[in-house]
Structures are given as C-alpha cells and as structure tokens.
Amino acid sequence: MKSGIKDKVVIAGMGCSRFGERWESGPDDLMVEAFEEALADAHIERDQIEAAWLGVFFDEQNTGKSSLPMSIALRLPNIPTTRVENLCATGTEALRGAVYAVAAGACEIALAIGVEKLKDTGFGGLPERTKGTFEDLYLPTSTAPGAFAQLAGAYAERHRYSMEELKRAMAHISVKSHENATRNPKAHLRNRITERQVLDSTPIAYPLGVLDCCGVSDGAACAIVTSPEMARRLGLREVVSVKALQLAASNGVEMGHQSWDGTHTLTTPIAAQRAYAEAGIRDPRAQIDLIEVHDCFSITELVLMEDLGLSDIGRAPHDVLDGRYDRDGAIPCQIDGGLKCFGHPIGATGLRMAYEIYLQLLGRAGERQLRGRSGNGPAFGLTHNLGGIPNRNVASVSILGLLS
Amino acid sequence: MTQLGCINGYGVHVPRLRLAREVIATAMAWASPPVRGPARGSRAMANWDEDALTMAVEAARNCRAASADVSTPQSLVFCSTTAPFVDRDDAVILAGALDLPSSVETLNLSASLRAATNGLVNGLRRPGSTTLVVASDLRLTRPGSSQELTYGDAAAAMLLGPPCRQSLATVLVAVGSNSDFVDHYRMSGADFDYALEERWIRDEFLMKVIPTTVAQVLRSAGVGVEAVRHFVVPASAATAKRLAQACGLAAARRDDRVLMHCGDAGTALPLLMLADALEAAVPGELILVLGVGQGVDAILLQAEPGVQGAAKVLTRALESGRDEPSYVRYLSHRKLLDVDFGMRAERDQRTAHSVAFRKRESLTAFKGGRCERCGTVQFPLARVCVNPGCRATDTQVPHRLADSRGRVKSFTEDWQAYAARPPYVYGNVEFSEGGNLLMEFTDVETGGLKVNDSVRFVYRIKDEDRARGFRRYFWKATVA
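Residue numbers (numbering that gives the first Met the number 0), protein chains in the order written: chain A, 0 to 403; chain B, 0 to 479.
Simulated from the structure, these hints should not be mistaken for laboratory data. Among the hints, a few may not be true.
[What the hints assert, rightly or not] Subject to a maximum C-alpha distance of 20 Å in a straight line, what follows is the list of computed EDC-like cross-link-like pairs (lysine to aspartate or glutamate):
(1) A/64 with A/84
(2) A/130 with B/464
(3) A/118 with A/27
(4) A/130 with A/58
(5) B/334 with B/345
(6) A/130 with A/59
(7) B/358 with B/402
(8) A/64 with A/27
(9) B/358 with A/135
(10) B/207 with B/182
(11) B/358 with A/134
(12) A/185 with A/36
(13) B/449 with A/260
(14) A/5 with A/237
(15) B/449 with A/164
(16) B/334 with B/347
(17) A/130 with B/345
(18) A/185 with A/27
(19) A/5 with A/282
(20) B/311 with B/255
(21) A/130 with B/463
(22) A/7 with A/107
(23) B/334 with B/190
(24) A/130 with B/347
(25) A/185 with A/32
(26) B/449 with A/163
(27) B/207 with B/179
(28) B/334 with B/442
(29) B/240 with B/196
(30) A/118 with B/345
(31) B/449 with A/156
(32) A/130 with B/462
(33) A/185 with A/20
(34) B/358 with B/98
(35) B/240 with B/197
[What the hints assert, rightly or not] Short derived list, chain B residues pointing at chain A, Cβ under 8 Å:
(36) 343
(37) 361
(38) 375
(39) 377
(40) 386
In this text the structure is predicted, and so the values were computed from the model without any measurement. Beta carbons: idealized from backbone N, C-alpha and C, even for Gly.
Here chain A stands alone, though its shape is the one from the complex (with noise of 0.2 Å):
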C-alpha cells in the first residue's frame, strides 16, 4: 500500500543563484553560488552529502553530459551522482530523484541541483533543439513562444472572449510579476512595467508581445534535502517539509487525439490532483498560500489557474482582473517574479521556485514574506513546472509546508 512522500523528507537548507543574463559566469560557477549558500543554510559539509542529481536542459550548450559537470565543479566525495532530463520540469525532477533517495533510505542526505546557462547561443529566445529524428522530419520547428501563443485563440474561441479582452488579463499577469520582482534582489528583471507597455510590446507570436513572454537567463538553485530524524540531529529547529511531489507526462492525446481541445494544458489537472490527494489538501483554493507557477508566457499562467483547480473553467481572466493572484491577492502568485523576471534557466526553474517557497515558509522572504491565510505566515506553498508545450509535455507539482 503506498502512502506517499509527505513528511517523509525534509529541506536542509536550499541556495539559489542570481539569474539574469551572466556573461562572467558558466555553469560551474553558478552551480557553486547556489550550492554554497545551500551549505551554509544547511549546516553541513559537502562530504555529508551521499547522493546527487542534476537537472539540467541543454547539456549540448552549456555542461555537456552527465553528472559529471556537477561533481567536478562542486568536488563531490565520489558519490553516486546522476543527471535528469525532463524538459521545463528538470529542475523538479532532480529534487524529486534526491527526496525519493531519502525517502527510500538509501541515504540521510541528498543534493538537487538545477543549473542552465542560456546565454552562452548568441542569440536571444531559447536554443534550438531537437524534437527527435523522426519528429525533425515533420513537426514545425516550432519555438516555445509559438507553441504556448496558440492556447490564447483556442482559449479565447472556447470560452468567448475577445482577444483584446484576453489580452488585457494577460497583460495584468506580466505587470503583476515585474512589480513582485522589484522587492526580489535575486531576479533578473526588477522593472516595473505598465499593461500599456505589455499590450504594445514587439510581436513574438500572435498574440504574444515579447513582454508576455519570460526573460531568458543564466542560473542555478538547489537543495539539500534529508529526513526529519536527520534534520532534528543536525539542529534545525522549523522544517519545510515536501508534502507532496507529482508529476503526470503526456502519453501522445494532445497531439495526435482529437479530444483535447488546445486550450489547456492536459497534464497539469492529473499532477495537481494527485499532488493534493498526497498532501491531504482538500480544498487547495482555501488551503493553499501562495503558487508558483510555470509562467514561461502569460497565457499559460492564465490558463494553469484553472489547471490547478484555483479558478474556474472559463473564468481565469476574470480572477486575475480582480487581483485574485496578485500580492495582496487570496492566492498570490510569482510572489518571487516568476519565470517572467528570473527568467527560465530550465534546469534551474523548478528548483528556484521551491526556494522561494522554502523561504517564504520559514519567514524569510525578506520585504516580499507574505503574511499568510492565518496572519502567521503561509502553510502550504505549490510549485508547478509545465516541461515541453502544450501539445506534449511533464507537468509537475509539489507542496511544501511546515514540518508539523
């Protein structure tokens, strides 16, 4: 019978790099900036760590293959390292190879580590990749801009909206990140931006203007996870604890069924339900303090509200209208900046989000901590990456709380 990850595996200590565009810095160096800050915040020293894994996206433009990048830079003591692979969800994926470790108890401290160095192309937007050999032959070479830009028409079509309409929510969900990502000295775009400026920013995909979409960037973030028996040996006093870590992948519906319909994503209802069942949170939309989700485009923000189950099928560009995800909002989301202001170094992502969320529940957070449902600091914080595009993709999710 399982019975789930929650509160089997706790946080040590977690470390996030500064993003941005870091010409003076590779992979390695940014590995070491999230790593140390997660070892000190821990606690410990590095040769207590007994197993690692990777994220990381592009290997071919910036570490190469394997773990090997990861041990070398950060002189792991020869453990069993590994690297994953999952899309937009590598980051995630990593943490969730170090809990699952932790949890089997193959070992009583794990490292997760998410790194991406975008900007070594020479070029702006992500790099291009391949979609497989076969799939190279007769797929678009699509960009990820494009691909996320349609859920905007079909959206609009099926839920009668105009677009103009449609656009202007999504030009409140931009505004609102640049405006969290001010109080955020971690983020790479901390300017604050108007929804007049969204609406006329430069076309990237109809009908997606380059301020619709998230910046691209350099970083790293990761975490040092453990069992709670462990964390009480090592002195930590309050825990985060990983209530819950799901993820649902595209088995080929999307793209080659008819039933979806193009104006959600498919996958992240299966992970949130899950990951909810997991943390026994039963009614997310009142148990749950803040979201961070995988904004790499305003849309998908817009449509992952109703994903989650946060808003209503049909009734997100109203929710965010009324300021229902803003700061002061009852679910604030991107308290961090999100994707649209760190940016979306891909192996990283997901592993800078639980960091904010890791900091945000320990009452850290500095000038952007959030008060929570209770007045005494959030309870349960949710991370959502969407790895691919809308026609096939890895949605995760995880929750985070308090150690009880």
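Once you've looked at the hints, dock chain B against the given chain A.
Then chain B, alone, in the frame of chain A:
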C-alpha cells in the same frame, strides 16, 4: 492510321502568388530600361516552399480530383527541366506523394521544353494503358532579364487513356521531329537560361518548321485548316499570331490568358495552353497543340462531349491569385538575394535517411493510422492506439490524410522562429475524420488565419539542408 489514346482529364497548379510585371519593371528599369515595355499582367510566382516537384504534385492531384477517373494510372511521366534532383528519381517522389503503388511505371522527361509534349506523344501511342503526364517548371531568371518578365512558375497534368465516357478529347495525330536549333540553353549546373535573339528564333526556326509540320499533320488527318478551331502554340502572343497566319490558322482561337496571368511555365506551358483550349472547346472542335524545343511535336485532337461538364480548373487557378507586392521578397524566395535571417536560420537540418526511408509512407504519402478496434485516426501510425479509451496494440492500418480536410484548432504567427517568409505560421489541425497534428501552414497571409478555418493539405518543401545540399518535403495545411 495508328490508334491513339484519349485525354481523359487534366489538372493545373498555378502558384497562388502573382508578381505583377509592373513591380519587376519598376524595380529593374534602372538597369534595363527596355523592360518597361511589356510590363503588363503578372507572372505566377512559386512560394518559397514550392519547386517543380511540389507544383507537379498539386497539378497531378488537381487532375485526379477533377477527372472522374480515379483509377491508378499504369504510367507516371514527370516532365521538367528544373526537377529538384538530378540523381534521385523525382517521378518516384511524385508517385509517393500521390500514393501510387510501387508497380507504377515512372519516367522522367527533361532536356528540353518539348518534354511535356514528348510525354504526351509517347503516352498517346500506348492507347491501351493509362498514363499521367505531369509537367512542371520553376526556372530561375537573372534579375533584369526579359525572361524575368516573361517566365512564370506553374505545372499541368494530363491523364491519357483509352476512350471512356468522360474523355475530353480524342487524339487524331501525334507526331514529333527534332532539330538542334538553339533558341536558348542551360548547361548542367547553371542557374539561368541563356537566350538568343527572338527575331532569329522566329524567322529562322519557328516560321520555317511549324507551318510545314502543321500542314503535314492536317494532311495526315485528312482535315482542312478551317476545321482547326484552337491553336496551341507555346510562343509569345505576337509570334503565335504570325505563326497562325503562316499556317492558315488565323481564325483559330489562341490562348491569351496563360502568358498574361501566369507566364511562360517552360515544359508546362503547352499543357496549360491545352487546358485553356479544353476549357473553351465545344464537342467536335479540333485543337492543334505544338511543343517546341530542339524540334517540334504536334498533336491534333478532337474535343469530346466530356469537355462540357469538365471543371474549369485552369480558369479557377488563374483567377485565384494573390499579388506579391515585394520584388525583394521574390528575389529572396528564389535565393537570388541572400537575406540575413539570423542565427536561427543556421540550424542543422541533417536528415537521418534510415528514418526517412522507414517512415516514407508517413512523410511522402501523408499516411497516418486508423485503429481497426476503435476507428481512431492518428498521425503518425503507431504501435499503440492514441485513443485513451482504446490503447490497443498493433491494430492500425495506414490511413491517407493528404486528401482529407481539417479544422484549425489553434495557431500562431511566430516572428521568432526562422522562416523564409516570416512569420512562421503553424498550429494544431484537427482532421475531419478525427486525429490532430501540429502542422505548418502555407499560403496564408499574416492576420488572415482564424481558429476553426477549414484547411486542406499540400505537399511542400519543409526545409533545406544547406550543408549537405538536400531538400526535405512534408505536407502543410492551407486554407481550403
């Protein structure tokens, strides 16, 4: 007299884009002032993703759709002087895109603009078998040349076979003769034709050979010049008029639409002009078709009742163009201008040929799978059914999607992706029989596509591997 076959169907493809000759003249008059003269009408302009092969596929599909005869031809003849491959059988690719069986006889005719009438004469001499003759040319022209104004890109197809109820024309005479008269030439590997003086060509060759040939043809058919009501001669309007007079055919109708609205489409020109004649002819009228190129082919036909009900596909194609306002974009599409499309255009397009061969039914014939258990159509055909309620293993049979219709489920106009004609337009298409595919759109205007639009599918260039000199094709959606 030898028994000859009939023309039982025809089809054309005139690319949707039309470049007004005035646009060319305006751009190039500084360099060659005489081009100001004949700047009337438009030339058909292949989109960036069209070539002689893709145009041939469309003309052949148009022919098979327009003619009631959907049986498999025994022979497929591809005629072109600009086939994309020199050593890889273009006709075999054409057969694959048309989903003809591997037993179909394929033949490539090239080497002169007489290739298409060569194909007709040869096919007609085998009256017992059905032959699909497809002619297509996309000839590059040097900027500022008179060919740039007069040439056009297009394809045409003729279905030949024994007499049947829908026969369009019965062939009375089909003859050919050769002569190494060099009116223009293009050496192997050269980009452009080298054209000689028109007056010399007219006076020394056309005016001498054609009247003699025509007289012989009419004599052998036992008909007088007055019986010929349609004179198809692939030459400029002025030259055609002179030739008609010299042949005693001044009263016969001559095409004036194809050159004006499409241009000289090389090997396809006589077939396009024959299509024009078939659309004008009434049953019983005689049509005389000439093909010229290091010799002359002559075919005398008599229109049959089938012409009355036949779809006027040439008229429709000529009337459904869209003006290309940019001469610079035309130059770029023909690779006569090396535009900087940015680093994304540097993407390596290496083909895993073992994959392409393994998946040739998917890629060339556009066949997906249909699950025999639940009926779900899907692309590509897979071992396990995609229907979440089925997922049966090894239950799929090939299902051709090329001739299906689809609905735009979602789309984008992508300004970030590399596109030879930005923006790069792609989206989810739902097939009318079910199934979904993320596809590229072609021949759509920016801002012109909408969710729920109905689409059909066309075989086009997908991309080019510049490092290895290889061109790849796949099917795209276009507004139906």
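Going down the list of hints, with the structure as the test:
| no. | hint | in the structure |
| --- | --- | --- |
| 1 | A/64 with A/84 | holds (10 Å) |
| 2 | A/130 with B/464 | holds (17 Å) |
| 3 | A/118 with A/27 | holds (14 Å) |
| 4 | A/130 with A/58 | holds (15 Å) |
| 5 | B/334 with B/345 | holds (16 Å) |
| 6 | A/130 with A/59 | holds (14 Å) |
| 7 | B/358 with B/402 | holds (19 Å) |
| 8 | A/64 with A/27 | holds (13 Å) |
| 9 | B/358 with A/135 | holds (12 Å) |
| 10 | B/207 with B/182 | holds (14 Å) |
| 11 | B/358 with A/134 | holds (10 Å) |
| 12 | A/185 with A/36 | holds (13 Å) |
| 13 | B/449 with A/260 | holds (15 Å) |
| 14 | A/5 with A/237 | holds (16 Å) |
| 15 | B/449 with A/164 | holds (17 Å) |
| 16 | B/334 with B/347 | holds (18 Å) |
| 17 | A/130 with B/345 | holds (17 Å) |
| 18 | A/185 with A/27 | holds (18 Å) |
| 19 | A/5 with A/282 | holds (17 Å) |
| 20 | B/311 with B/255 | holds (16 Å) |
| 21 | A/130 with B/463 | holds (17 Å) |
| 22 | A/7 with A/107 | holds (11 Å) |
| 23 | B/334 with B/190 | holds (11 Å) |
| 24 | A/130 with B/347 | holds (13 Å) |
| 25 | A/185 with A/32 | holds (12 Å) |
| 26 | B/449 with A/163 | holds (15 Å) |
| 27 | B/207 with B/179 | holds (14 Å) |
| 28 | B/334 with B/442 | holds (18 Å) |
| 29 | B/240 with B/196 | holds (18 Å) |
| 30 | A/118 with B/345 | holds (17 Å) |
| 31 | B/449 with A/156 | holds (10 Å) |
| 32 | A/130 with B/462 | holds (15 Å) |
| 33 | A/185 with A/20 | holds (12 Å) |
| 34 | B/358 with B/98 | holds (14 Å) |
| 35 | B/240 with B/197 | holds (15 Å) |
| 36 | 343 | holds (6 Å) |
| 37 | 361 | holds (7 Å) |
| 38 | 375 | holds (7 Å) |
| 39 | 377 | holds (5 Å) |
| 40 | 386 | holds (6 Å) |
Consistency note: the structure conflicts with none of the earlier hints.
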